[in-house]
Structures are given as structure tokens and as C-alpha cells.
Amino acid sequence: MNEYEIQKRYKMITLLVLIALSVIFGILSLFVGRYPKAGFTPPSLFYTDSVARTILTKIRLPRVVLALAAGAMLGASGFTFQLLFSNPLVEPGFLGVSQGAAFGAALMIVLASTSSLAVQVSAMAFGLLGLVFSHFLSTRFRFGGALLRLVLAGIAVSAFFFSGLGVIKLVAEPTKDLQDITFWMMGGLWNASWVSIIPTLVVIAIALTILYVNRFTLNLLSINEKTSFSLGLNPKRQRTMLLVIATVGTTFTISVTGLIGWVGLITPHIARKTFGSEATHALPASMIMGSFFLLLCDSFGRTILPTEIPIGLLTSLFGALIFVIILSSKRQEGKA
Amino acid sequence: MKRLLLVVATLIFATSLIAQPVIESAPQAQHYSATDASGRTVALDEKPEKILVAAKAALMPALALFLFPEAQEIEISLSKTDQGLGDFFSLVWPHINPGGRLDQNASVEELITKQSDLILLKATHFESLGKKLDQVGVKNFTMSLETWDEWQAELIQLGKLLGSEDRAHLILSLYEERITPIQKRVAGLPDDRKPDVLLLQGARSDNAFSFKIAPDSWLQTWVVELVGGNPVWKGSNKAASGWSVVTFEQIATWDPDLVVVISYNAPASIYQDAIYDSPVWKELTAVRNASVYASPSDMMNYIQPVASWILGAQWLAKTIHPELFTDLDMDAEICSFYTDFYGITDSTLLDEFVSRFQKSTANN
Amino acid sequence: MTYLSIDRLSYRYPSGINALRSVTLSIEKGSSVAILGSNGAGKSTLLDILLGYTSSTSVFLYGKPLSKYGRKELGRLIALVPQKEQFSFAYTLLDYTLFGRAPYLSPMGSPTSADSLISYEALAKVGLGGFENRSITALSGGEQQLLLIARAIAQESEILLLDEPTSSLDPANRKRILTLLKQLHAEGKTLIFTTHDANFAYELSSDIALLKDGMLLDYGKKEEVVKSELLTILYDTQLTVTEIDGRTVIY
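Chains as they are written, first to last, in our numbering: chain A, 1 to 336; chain B, 337 to 700; chain C, 701 to 951.
No lab work stands behind these hints: they were computed from the structure.
Incorrect hints may appear among the rest.
[Unchecked claim] Each pair of labels, with its calculated beta carbon distance range:
1) B/Lys618 with A/Val110: 43 to 51 Å
2) A/Thr209 with B/Lys618: 33 to 41 Å
3) A/Ala156 with C/Leu878: 44 to 52 Å
4) A/Ala156 with C/Ser722: 22 to 30 Å
5) C/Ile933 with A/Phe136: 52 to 60 Å
6) A/Val17 with C/Glu856: 29 to 37 Å
7) C/Arg834 with A/Tyr47: 56 to 64 Å
8) A/Lys273 with B/Glu486: 54 to 62 Å
9) A/Leu327 with B/Thr371: 49 to 57 Å
10) A/Tyr47 with B/Asp439: 51 to 59 Å
11) C/Ser755 with B/Asp439: 58 to 66 Å
12) A/Tyr47 with B/Lys618: 15 to 23 Å
13) C/Arg834 with A/Phe136: 32 to 40 Å
14) B/Lys618 with A/Leu28: 21 to 29 Å
Only a predicted model underlies this, so the values are computations on that prediction, with no experimental measurement involved.
Here a beta-carbon is modelled for each residue, glycine too, at the ideal position from N, C-alpha and C.
Build the full structure now, drawing on both the sequences and the hints.
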């Protein structure tokens, strides 16, 4: 068994350990909350108190599952975007996808119905639109290199949809009891119930599976088109498909959780630093770390205060911190 | 000696010339002057003939304004005042504002074009609108009206501004008439006879419901204490600036005896139904005892710092301590409120208010 | 049966400019073909078409049109060594070389231990053995080129297409690459490469195609094609072909 094999095995074991840790942490977080008091819930209580049982099964469990699933999706789509755009500095939130999704969801609620399906489809449509706009704009810009153009275009489109959210709030607030606009702009997992999250979980599961199965291809697509063609790929078709899958998964997530940023930017970096850039292990690592990160933020947020803290606040706080550390560290990855 | 006399005479003459206008202006001391919520002294030369009540939350100052009968003679323009349940002013005084309502987000320029003698604003708009209007010389008066103390102080000031201070005192005594009996009856209650009350504002997203609690300093929290209840959420809302979403777990931990749901732009019964239907809430004391109430409203919800907050207080008192307020007839109270405070005697209108109130609390 | 043949290939850019005009040539298996010409002659376009990246109906491999080959099937037959590649991510040399195994992997799979062995050998062959775990971002220009060749070697293809393999290299690296490619040719690979370095073309090739303004000026064994008159026409510059110390030199 050569060194490659040894490393591969080592990485695989580490991944499995991480998965186990996530599961353990997930289970542990079922025991923290605010009932019957802030902090740890003694397990015996679940036998004696029916309210505690209800909280466990109908409040905490779906919320923990959502945090894990959403975190994995955001980590995976961030990673995918970075490879597909050959740019370690993008995430769906940079390219107008997340903002488009939040805007689409809020718009549908205000204009038409609060039907789950309509809202999620609208989120998906506008998320994809954001992506298309960003790409289109980047080809129009005449300033800077390809990378810079994409980031700038993404910033423009994100800002456009984000302010669109503000407009909706301005126009709609007096007559509709829209969920607080802060929910859309900063995210929150407090709406998690089995009914509300099952469709999203299904979509996330499918999206993650497709991305996982294509992880080696993702590597190749990060190189220029001609080379990936020569290696036996169909670059345009495969890139489009994977981009759409990642976007759909992200938009469905956001239609339930509101805008959560930074997860898709940070966890791929940490995953690559730990497991190497090669997607075979780095992609699943990014998923697991995303789960972990989001679960951590949410468990923290829902325990320390009686009122809900928008989770996007926490992910940006910790995410931005980690971002600065990454960018300042000596071992830089690639060129920006 | 002659020279001295001349100097003195000149001095006296000069002084009298100066003194004349000073003395004369004293009797002309402004009758229409008051201090507003932002600390400014606003003075009008004469009684205002055109008043504009503008910007977001214009509802509250407008309700305060119409407590004064002079409002009927003044040409009054209002911004949108419909919170979502209906417009009070259009119903009661259909003749006002024939030209259509100003938008809540109207700019300073738009407000100026209305050429009002006076603009009434919520104090929150002082920086964005009040100051700018001052610069252009357009008289404006801010009111905060967030707590009962503020209502008391500011109604007097508004009365002064309109030259109707007596009316202001009368209004306050009308309020006192209604507050005092409540206070008396709950005064002696020991803490264990004060039920745990939770006031929640509902919000909808998709098919999910979430609930928010009010800040400690707001009227919503104070009124529960007034009527002999224990507001369980007091101390929990760290974001003092406004309503904050509260976790269900926290609600379960409080496990209040009573839950009152509020909504300002939709029927509160929606949230009441949602709670009763929810598999998650069913274990809670309030649900098991069928003590989840939709808060009352007619054209607006009573549990907020509007003029009819007293009706909300009365309803709350009766709901929390039914045995102490058996003689409190909400229908009658509503009629007497609108008659005494707003001079409404038209029975069709009064019936309208009562029927709306009954509808809002039908499922309780 | 012809191996790799181009039959009256004409190609026009989307903008309307003619890139290639009625190019016909037949490449034997195991030969080393240099496509020589000045910039803008159409060399890169020709290479893209031979790769199949720019689609064309005039290219045949084993008598079958390129377009009829499956993607992976073609990937097992033809490998590309591009001039340069952007390294956005810090892959290891080994991982990067393993990418060359892509045409052999099952649709959803990742490299096996057999694949890793092939990649190790490829890296050793180009002289980068021992550096498998280094990051590609730390490579020098010459080493980058070697890495790209290693990947192509790992691809185990019959044909190797190279785009200006030495254009940005110093003499030492140029010699390294030349030696390596000669060795690959000797092992039976068919090489097709573009270059504007006539000397390099002569040293490495068996056959040479002269491309000027999209048209084939001449094609054949290098001894016959490399003549002063032809080269002068090709480059619009007076060039001389001579022998020095038993080696043909062009200047």
C-alpha cells in the first residue's frame, strides 16, 4: 500500500470521525435549550414531563436536523461554487443567489400566498436569476480580471436583491403581517417543524448526493474548459448541471431559514486546509463542517437568550473572524 | 440742575418708548404655545386652521388630536392610519381628507406642500422630519405617546397648543375615572393571586407561526401589571427597541396561566386558532385550561398606546380577574368611551364598534 | 487504414475570419509531427480541432470521425498538454497528476490504488518523483510544464497534443522537456505539437507541417520540408538551413 493509499485511508477515517462527532454533537444539542431553564435539560425529565417530550420531538429535533442539513448544504454549495468558478473567494451569497432566494420567498408571500410550495419555487427561481445576472454582468464589466469581475458583478446583484427585500418591507409592512424582515435578511431556524422542513430535507438530500457523487468531476471543472474536455468531460453541460443543483439546494434551504451567509465561504477553506484541496475528501469535509458550524451557532443562539438571535448574525460574526484569520495566515492557497 | 432734569427726562422718555412695546406684548402672550415631546417650545400666533398629522404611526397623534372637539372645525389631513383592521377616521368623520391620504413615507417636501398651519408627528420622526420642517419654518409638534405617563403629560401640552387646556384635563379625568376602579380592586391582591400572563404578538411566515414579546418599558407590559397580572416576559426582552421573537421553549418554561395574542394588522383569532391547533402547544397550562385569548379590537387593537388603550385595560382586567369585574360590561364601556372621549352619539357607529369588538373576541 | 487524418479542413471563426483553409494531412501512428508557423497562422485552432474541442467533420481517427467517439473514449486516446494552466487551488502534484486518470474512472468514482501507481510513475518519469505531496502553487514555470506532461502521461493515451511546449522556458528546461518528449516518442506515443521554434520542431519531430495564414504550405518528412526557401516564405524572413557539427540548424 503506497503513501497515497495510506493518506486516503487516513482521510477517510478522519471524515468518519467527524461525521460521528457531528451526530454526537447533534444528540447533545437536543439536551440544551431554555426548558425548564436555560442550559442543560436533564434526560430524566423527558420521561416524566410530557411538555419536555414534546419540545424534544417537535421543537428541538426538527431544528437540529435542519441545522445539520442546512449547514451541510451551504458548505457543499460554497465548495461547489468555488471550484466551478475557479475562485476560492466566492459563495452563493456573493453571487446574488442567497439574496435572490430570500427576495423571491418574501415577494411570493407578500404578493400571493403563503403556500409552502409557491414560496420555495419562487425562492429557487429568483436564486437562479441572481446567478444568471451575476454571470451575465461579469461578462459585461470592463474592469479588472475575470475573478474581480465576477465578485463585483455578484456584489451588485446581491445588493440589488437585498435592497429589494427592504422595499418589500417598506411597501408591505402596514397591511401584511410578514415575518419580520430581519428573518429574511439575517436568517433563523425558529420556524423548523417537521411539516415545514421535510420538503427541504428531501431536496437537500438529493442535491448533496448528486454533488457528492460528482466530487471528482468538480476538481476537473475547476481547471479551464479545454483541459477538462481533454480529460473526457463535457464541461459546459456538467458545469451547468452542478451549478444548478447547488443553487437549487441553496435556495430551498434559504426559503426555510432566511439568508445565512458566510458558511459557504468559510467551511470550504477550512475543509481544504485540513484535507487538501482535492474534492474527494474536501467536499464531504465541507459538508460536515458546515453542519457542525451551523449547529454550533444555532444551539448557542437559542440557549443564551429567551429571545431568538438571527443566526446570520452569529455566522457572520464567527465567519468574518475566521475569514480574517484565513486571509492573514502565511500559507495562502492559490492566488486571488 | 436743568441739565440733570433734561437728562432724566430723556432717559424716562427713551425708556418708555422701549417699554411700550414690551408692555404691550405681554397681554398678547401666546395662547397657543406648548412644549412637545422633543423638548421644543412650539408657538402659534393663532388657532390653527389646517393641521396635518403625518408619517408612520400617525394613528396615535391623530387619535390624541381628535379627543379635542375643536378638531372637527379644523381642516385636518391625515397620513394613512389603517393598521390593517380598518380606518377609524374615515368611518367616523367621512368628510375629512377628501383629497386622499398622504403616504406614510411622504418626504419633507410633500409635507410642506400641504401648507398646514401645524404638523403633528410621532416623536420618532423628530430627526428625520421635525428638524427639517423647523428649518423651513413650518410649525410642527411631536408627540411620543408610548406610555400612560407620556399620554398624560402630552395631552396637556397638546391642549395648550390648541388653546384648549381645560379639555385636556377633562380627558385625563375621564381616563382616571376608568383607571381608578381597576386599581382599587386589584390593589390588595397578593402575588400568588396575580396570574402569570403572557402577551404575544403573532407573525406568520409560510405555514409557520412565531411570536414576539414586548419590551419592558412599553404600555403592553405595563397594562398587564395595572390590571393585576404578572407579565412573565418582563426582563427577557433584551432588545429594548421593539418586539422580539421568543423561543417556544421559553414559553414552555414560563408556562403562563393566560396567553393573550395580539395582532395589529390581522385578526388576532388567527393566532389563537393556530395555538389551539398546534400539537406543540397542547401541553401548556393555558391551552389545557382554554385560556388563550384573542385580544380585542374594533378598528384597531386595544392593546397598544392608542386612545382606546383603556378599553384594552378594562378587557384585560375582566379576562384576568373575571370574579373581580363581574359588573364590567365591555359593550357599555365601549359605547361610553366613544361618547365621552370622542363625542360620538350616532348609534349606528357605536353598534359598529361593539359588533367589531364582539367579533374579535368571539372565539374566546 | 489511416491513423489520424484531416481531410480538406476549413474552419471559420464565429466572427467570420477564416482560420484554416482546406488543410489536408495524414498522420501515421507513432510519428512526431510539428506544426510550424508564425503567430496567427492557425496552429492553435488546428490543435483544438485535433483535440475535438472545436468540432469539425473533417477529422478522422482510425477512419472514424472524431465526433463519433464518446467523451471518455476519446480521452483515453488523445491527451492535451496545454501551454499554461491557472492554479487556483493548492492541489498536490500527485492529485493533479491523478486528474489524468479521469477517462478511466467509473462515472461516479474516484481514483483507485492502481491509478495512484500510474501517477507516481508518471511523476517519476518527468523527474518530479519525490515531490508528490508538494503544492502545485509552489512550482516554477518549467516544473509546471513537466507536471502537465506528467498528467498527460498518466492519461495513457496514444496521442499527445502539445501546445507550444517550450515557449516560455529557459534553455535548461527546454532541454529537459525535449529529452522527455523524445523518450515518449521512442516509447511509441504519437506526438503532435505546435511551436514557432523551428529548431525545436526539427529536433523533436519526424514530420513537419508548415502552416501559413491558415493554409498548409507543405507537409512531410522533416528533411524534405525544412528548406531555406520554404522557411523564408513561412516566416516572411530570410532564413537559412544549414548543418553544424552534424546537426541541422535554422537561423
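Subject >> In rising order, the numbers of the hints this structure does not comply with >> reply: 1, 4 and 5
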